[in-house]
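Produce the entire structure from the sequences given, and follow the hints as far as they go.
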Amino acid sequence: MPLRDIVIGLAFFLVIEGLVYALAPSLVKAMARHIPEIDEGYLRILGVVAVAGGVGLVWLVHTSLTGF
1 MPLRDIVIGL
11 AFFLVIEGLV
21 YALAPSLVKA
31 MARHIPEIDE
41 GYLRILGVVA
51 VAGGVGLVWL
61 VHTSLTGF
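Note that the UniProt record's numbering has the sequence shown beginning at 1, numbered continuously upward.
The set of hints was computed from the structure by calculation and includes no laboratory data.
Note that the coordinates shown come from a computational prediction; the quantities given were computed from them, not determined experimentally.
There could be a bad hint or two in this list.
Said to hold, decoys possible - Restraint-style ranges between C-beta atoms, simulated for each label pair:
#1 Met31 - Gly53: 17 to 25 Å
#2 Val20 - Val51: 17 to 25 Å
#3 Gly41 - Ser64: 32 to 40 Å
Each residue gets a CB set at the ideal place from its N, CA and C atoms; glycine is no exception.
This is the structure we're talking about:
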């Protein structure tokens with residue numbers, strides 16, 4: 001995976017994260033208050049699923065676009 005892909009991914013992450021904070025700051029604050037109540041194992045599984053989904057999506061897009 002070229003460095004360019006990593007930088008583009010980081011840029012998209014920052015755009016999405018910025019939109020969430022800009023458009024729904026009260027939702028972010030409410031979610032932050034509830035995170036300590038969630039089981040650590042569940043958060044860990046959720047994180048692994050998110051990482052796997054993100055890597056899979058990047059791989060899928062990258063392989064389908066390089067075929068052209």
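Consistency of the hints with the structure:
For Met31 and Gly53, the hinted distance range of 17 to 25 Å is satisfied, since their beta carbons lie about 19 Å from each other. Between Val20 and Val51 the Cβ separation comes to about 19 Å, which falls inside the hinted range of 17 to 25 Å. Taking 32 to 40 Å as the suggested C-beta distance range, the pair Gly41 and Ser64 conforms, at roughly 35 Å.
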